[in-house]
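**Student:** Residue numbers (the numbering used here), protein chains in the order written: chain A, 1 to 219; chain B, 220 to 447; chain C, 448 to 659.
Warning: the hint list may mix true and false statements.
With beta-carbon atoms standing in for the labels, derived distance ranges [what the hints assert, rightly or not]:
1. Asp302/B to Ser121/A: 42 to 52 Å
2. Glu612/C to Ser428/B: 57 to 67 Å
3. Val263/B to Ser121/A: 42 to 52 Å
4. Gly65/A to Leu227/B: 22 to 32 Å
5. Gly519/C to Asn105/A: 48 to 58 Å
6. Phe98/A to Glu417/B: 38 to 48 Å
No lab work stands behind these hints, which were simulated from the structure alone. The structure displayed is predicted, hence computed values, not measured ones. Built from N, CA and C at the ideal position, the CB exists for glycine as well.
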Amino acid sequence: MLKTIAKIALCIWMVLVINAAFLYAPSAMGLGDLSRIIYFHVPLAWVGVLAYLVSMVYSIRYLRGGFAKDDLLAAVNAEIGFIFTILATITGAIFARFTWGVYWNWDPRQTSIFILLLIYSAYFVLRSSVEDEGRRARLASVFSIFAFVSVPFLVFIIPRVYATLHPDPIISAESGFQMDAVMFKVFLASLVGFTGIYTWIINLTSRVINLEQNNRREN
Amino acid sequence: MVKTSFSLITAIRAIVVKDLTDEFRTRHALTAMVLFSLTTLVTVSFTIGIYSLDIMLHSALIWIIIFFSAMSALSRSFTKEEDSGTILALKMSATAEIIYLGKLFFNTLLLIVLIAVVLPLYYIMMNPPPGGNVGLLVLICITASLSLAGATTLLAAIVARAGSKNSLLPVLAFPVLLPILLTAIRSTGFALSGGSGEEIITDFIFLISYLAIVVTVSLLLIPFVLDD
Amino acid sequence: MRIKINNLTKKYNRQEVFSDVSWQPEMGKCNLVTGPNGSGKSTLLRLICGLERPTAGTIDLTKDTSELTAAGVKKITGLLTPDLALYRHLTALENLQFFAKLGGYFLTTAELKDKLAEVGLNSSADTPLAAFSTGMKQRLKLAYVILKRPALLLLDEPNTNLDSEGKQVVNKIISEYKAKSIVILATNDQEEVGQYGENILFLDHCNPGYCS
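Take these sequences, add in the hints, and give me the full structure.
**Tutor:** Right, here's the structure in full:
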């Protein structure tokens, strides 16, 4: 019962968010209507990285406990994170085309998300090259953790060291927070909404995994 | 049991010496590295001819050559043990961490040899503009290679355990190595234009901290890769 | 040194190799594992020395009243299997020197040469393994496996490729070690079962697809 309410609530929430993104939130100064992409692009990128983190946590759990379920959850989170990251890249490229003129110019932030895509792809390639389930789980988990080590360098250090054209209103502490109050509300709402969608998808897939595991155990 | 005096250094050195002896007698990795770099250099040099290139292009080319030559040689450290079946005896005689450290040092030596071959050849065949800070260039190359070796040794072990599919290493390594590559290319360009060391101190710090983190994480993870 | 195998099961990708195996190998006897091809003899040996983990069940290894960790087991074990290989481009002596250095054993070159003489390879000490016949390689593996005078000696098909002299070396090693170490032999040769088997484990679950 609670689940159904939550699902409907999420649905209504997202409808409101999308409407607000286009109609309620004001146009930014300078960027104009193009700024509306922030309500989609950033939450997508955020979920993309969050999913990788969750996947990595499951990988660590697998290495400690050896339960196949942890590895399956790690893989599933990676798949979903991959899709969200692709969407983030596409929305980012669209923004780039309309603000800077080209879809892709190897701006440091673009490079960072590209590398995240590469890490995801490498993870899937590795998984598909190992046949033994135990070994596949172990090697994939190790790679996921190891690759994560390079992510902080990419996401935070490279854009700091190299000048970037990418708008940077949120993470840097020095510039302070400069978003208009209304925009900020819609932005947060969108963040919550997309995280909700991600959680819902994960919940569905992990229930499927549980069913498959139970089925397997019975046979 | 036989009387033992176990020494970490002796064990690691034994692995490095064994791999060096093996390499010296077969020259597999060396040949692969040198042939690759030579082929690439000759192709590019021949095509470019007398045209002079932008400094950053030189820098990028140097690192493309080093990166791909390294890929062909670095995966061998573990795949040759898996393919010949010697990994079993190795695992029974040494812990995963010792095996990793031995292979790490060996890979580092291999890369230093690669640089010693590639850099002079590059200067001869590609004629980068004069005025470059050669000492700084060598220092950058060595530091970046240490980071490269640090990052790829664990991945090489993963590739070997995954069935030694040769094309797997570049796929796994590229995203992890990109920060090193980008930093190396940038600072090499700087050195080639004659810059001094102080200005790229941040790059050195970056490379060395990357190396430290990557080796620490590798040491923690290697038992999971080698043990079943 | 004591080993107790409790309800051991091993599966690869849901394909069962053996299940619910319990056994107690002892010092003073030659312990022997036998069964048809694919019944899991080699797998059992690998599980005992910690190279692989069981799907279910436990193996308790205690030495001098303390339980051994995975690394500890490997330190005191000498494992000889058909898939174990030594370094082709090193000489016989260099191979033994390498493993002696790795384990930190105090063995001089003269002592190593003695070990080679024990297995009948004294004249090939400086020949690279690539030039060895399969029988000679097997003999070197015998020298390697007793290098550390292991408290746990696992021999998987030790007589493969050996001539009658080689088989005598194996015989000597087994009788020498069973008194002070736990010796476990794996074989499907009925003659060897008769000759050596004093505490026999028979694995009879046959894996479809692997059975002859």
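**Student:** Could you say whether the range 22 to 32 Å given as a hint is met by the Cβ separation of Gly65/A and Leu227/B?
**Tutor:** 30 Å, holds
**Student:** Is the gap between the beta carbons of Val263/B and Ser121/A within 42 to 52 Å?
**Tutor:** Check failed, 28 Å falls outside 42 to 52 Å.
**Student:** Confirm or reject the claim that Gly519/C and Asn105/A have a C-beta distance inside 48 to 58 Å.
**Tutor:** Check passed, 57 Å falls within 48 to 58 Å.
**Student:** Is 38 to 48 Å a correct range for the gap between the Cβ atoms of Phe98/A and Glu417/B?
**Tutor:** Distance hint for Phe98/A, Glu417/B holds at roughly 41 Å.
**Student:** Do the beta carbons of Glu612/C and Ser428/B sit within 57 to 67 Å of each other?
**Tutor:** 60 Å, holds
**Student:** Lying within 42 to 52 Å: is that true of the beta-carbon distance Asp302/B to Ser121/A?
**Tutor:** This hint is violated: roughly 26 Å between Cβ atoms.
Checked against the numbered hints listed earlier, the structure breaks hints 1, 3; every other hint is satisfied.
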